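Enquirer: Chains as they are written, first to last, in full-length UniProt numbering: chain S, 1 to 466; chain A, 1 to 466.
A portion of the hints provided could be inaccurate.
For chains that are exact copies, the list does not tell them apart, and a pair is met inside one copy or across any two.
[Unchecked claim] Below, in silico cross-link-like pairs of lysine-lysine (DSS-like), each with a Cα-Cα straight-line distance of 25 Å or less:
1) 407 <-> 216
2) 301 <-> 100
3) 390 <-> 267
4) 323 <-> 372
5) 323 <-> 344
6) 128 <-> 272
7) 390 <-> 407
8) 220 <-> 160
In short, the hints are calculated from the structure, not lab data.
In this text, all values refer to a predicted model and were calculated from it rather than measured experimentally.
2 protein chains.
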Amino acid sequence: MQFSKITIETIHQLKTIVKPQNVFTDEETLKRYSHDETEDLSFLPEVVVKPETTEEVSALLKFCYDNTIAVTPRGAGTGLSGGALPVFGGISLSMEKMNKIIEIDARNLQAHVEAGVITEVLIDEVAKRNLLYPVDPSSKGSCFIGGNIAHGSGGPRVVKYGTLRDYILNLEVVLPNGEVIWTGANTLKYASGYNLTQLMIGSEGTLGVITKAVLKLVPKPSHNLVMLASFPSADSACEAVSAVFRAGMTPSALEFMERTGMEWVLKYEEIKFELKDNVEAYLLVEVDGNNLETLRADCEKIGEVLYKHGCSDILLGESASEKEELWKIRRKMPLSVKANSVYKEEDTVVPRAELPKLLKGIKEIGNKYGFKSVCYGHAGDGNLHVNIIKESMTEEAWENQLPLGIKEIMQLTVKLGGTLSGEHGIGLIQKPYMSIKFSEVHLQLMRSIKQVFDPKGILNPGKIFN
Amino acid sequence: MQFSKITIETIHQLKTIVKPQNVFTDEETLKRYSHDETEDLSFLPEVVVKPETTEEVSALLKFCYDNTIAVTPRGAGTGLSGGALPVFGGISLSMEKMNKIIEIDARNLQAHVEAGVITEVLIDEVAKRNLLYPVDPSSKGSCFIGGNIAHGSGGPRVVKYGTLRDYILNLEVVLPNGEVIWTGANTLKYASGYNLTQLMIGSEGTLGVITKAVLKLVPKPSHNLVMLASFPSADSACEAVSAVFRAGMTPSALEFMERTGMEWVLKYEEIKFELKDNVEAYLLVEVDGNNLETLRADCEKIGEVLYKHGCSDILLGESASEKEELWKIRRKMPLSVKANSVYKEEDTVVPRAELPKLLKGIKEIGNKYGFKSVCYGHAGDGNLHVNIIKESMTEEAWENQLPLGIKEIMQLTVKLGGTLSGEHGIGLIQKPYMSIKFSEVHLQLMRSIKQVFDPKGILNPGKIFN
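Here chain S stands alone, though its shape is the one from the complex (with noise of 0.2 Å):
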């Protein structure tokens, strides 16, 4: 792709289009945004530009479009697969200063908010009227509610709550050319043509750059519950995760965590909690509802099924502190595993009751390359966070051995029915992974679609597929 450099005149139209304070060529902020969280990866932005209005962000993509210069949408930067890296250099287009929650409609139990808007920021806001916004992933406290889109983001609350998918009603979108467009409707139902707001919805800011949402919103339960299970085995572990559902239970989380990760959260956090021998791997549950002794009720059910398969012991947090501290163990799991090694994260998912065959195959696959892997994730919902863990593996095996491990491991996915991806999207590195999943003819349907709204492909260049 032929992109047009930015120059020193580029500059200057820029800041006649956005504040002038708006716009940063420092090399500090280039470098700040040259990277998210996806590995070590870095690449410099020619320009950083925060627009404050989708007026100055339709502008902004119009001057972009007519001049051919490459744009990278970006929103916190927490990605896990390299979507907001600015690969072709050009601008990175930051929504950080687009981060107003514009309503919360308590009538209609939607919230309208700008992109830019920090997932925890209005999980807070509505739950001080009594709602739930009931997705939040691992990053809630720093990522944007626009980036989640773009991502199809999803987190632990999806085996009850459903996806993210699901609680997108409509979209403000700024097309490549600038042209604005609301994709759908603020309904919860909608059969009216082609439903653009779920093609932008994981499209990874190829499509266009998502300004506004519309956002459906539930009653809050009253009151939840927690279980941390230990396991003798991480298969048994996994084996109860199905069994737990095909009891006619649905809890509202129920995630998965190996051993090692355990250690490694107990290094590296102020965690009170024993870790005991012949425990290999840990569920954690989570109920919630308005009816407290239905809870227990549910709590004693669950914890049936698990001490059937092989259960060995079951913590309850009850109080606040108590399901916080079990909550913690979870929440702090990416960031310790990443704080003991260099690593790279795959976030695969699979059929739920597929679990075991998958965990098993990861580790066959990781012994036949000589790789270790510490896996915890959304169990519930199939999806599984295969970390691997570069500790001793020589430089040549990490670069040359490890990719066709990690494509083994796609194609175990896969043939599992299941897909590349679960909840961190495609963006750079998961690229050369698509045609294990996906064939010629489907692909050439995306590239197809990307053409029809990005015809000189300038936003996020070089992202999902080549």
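Once you have looked at the hints, place chain A on chain S.
Expert: Okay, now just chain A, sitting in the frame of chain S:
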């Protein structure tokens, strides 16, 4: 659009692609496939073809693509927007022989079905395994899963369980040129490039023919309770609807019915129900869950909200037959209205709390243009079916004045944050109103997506847009 006529030679060739006995040209069959449930519209196909396998659909479409023959895919013909009408003649492609439930995967809470499975057949089959497929349009006894997906069909349980969209994991689709793809993966989460599954849902057979689907199931709640609440005015009933949700309750159905609809049901159906004076509207409320005591408490809480909003009386259905009797009123309403008069049905949808404004506006527009309407629908979703009754209207007013009135209803719907159709689709009859909701830029995006999938425009021509 210029399509090839079906000749004797074409028929001969079709009989080499599918079994000869599955190609129909007799007048009776052509007539039966010339209409769906949309008003009294009728367009004769030139031939009806009933493939039995995906391979046959693929070969058929390839042949039609190569020879520029119009193909109108058809489910059970229960549609209310004319989506299955072969307006350009050509082939009516009926999916009725692809009606196998391939697998009910109780381990993964999934069902694998062919597109021609009758919705209720699937619902009953999964219920035997204590599972729930919560998508149950009024026509569930005859409509097909494939047609439901193509139209984004709804039903009463969306209000708690979400739309059909949330239950479709993966689709086998035959593209207009005969290529076959699976659109996604059999997983609860999916962040792997543009989501073609979601794009296919609601595309009304214009982008590809859905041949198989993988559906998400949920545990079936063991109990439910039904209430029928009477209100002195439609306005107070509508106000009560959003109050229920604001009180933190999420019923599994919340249906609205006008008094006239009730009168007509009682006229045509054997139902024991006393129609009282001073009642102008009804709400049917269902709650479901695993604990009967909790449900009784829920009913009490919802009842309090309803009484506070002017409800004069609540009938509680506890036994299976009582509940069935109350549901029968709502389920029989569409047919009773249809039996009573020539009518047109609009499928308006707005944010839930705007229902009172919508209903009031519809009546005012009716007064202005001289038409009567009977309204009922999925009030919990803000989805109101507006049945415009011909009765004593002159042909002239019906043909010329009414469309202006409908246009005003659509304008009002859009103004209130809603859209043209909540669950019936655009098809043929809502097409004239598309420009009320969508800008030319937006429509052009849809047309270009159509062009990507179907460059020759052979699949369901004349639908959604021109």
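Enquirer: So, for every hint listed, does it hold in this structure?
Expert: Tested hints:
no.	hint	in the structure
1	407 <-> 216	neither (37 Å within a copy, 28 Å between copies)
2	301 <-> 100	neither (43 Å within a copy, 35 Å between copies)
3	390 <-> 267	within (18 Å within a copy, 76 Å between copies)
4	323 <-> 372	neither (31 Å within a copy, 57 Å between copies)
5	323 <-> 344	neither (30 Å within a copy, 55 Å between copies)
6	128 <-> 272	neither (30 Å within a copy, 46 Å between copies)
7	390 <-> 407	within (17 Å within a copy, 64 Å between copies)
8	220 <-> 160	both (13 Å within a copy, 14 Å between copies)
Comparing the model with each earlier hint shows violations of hints 1, 2, 4, 5, 6; every other hint is respected.
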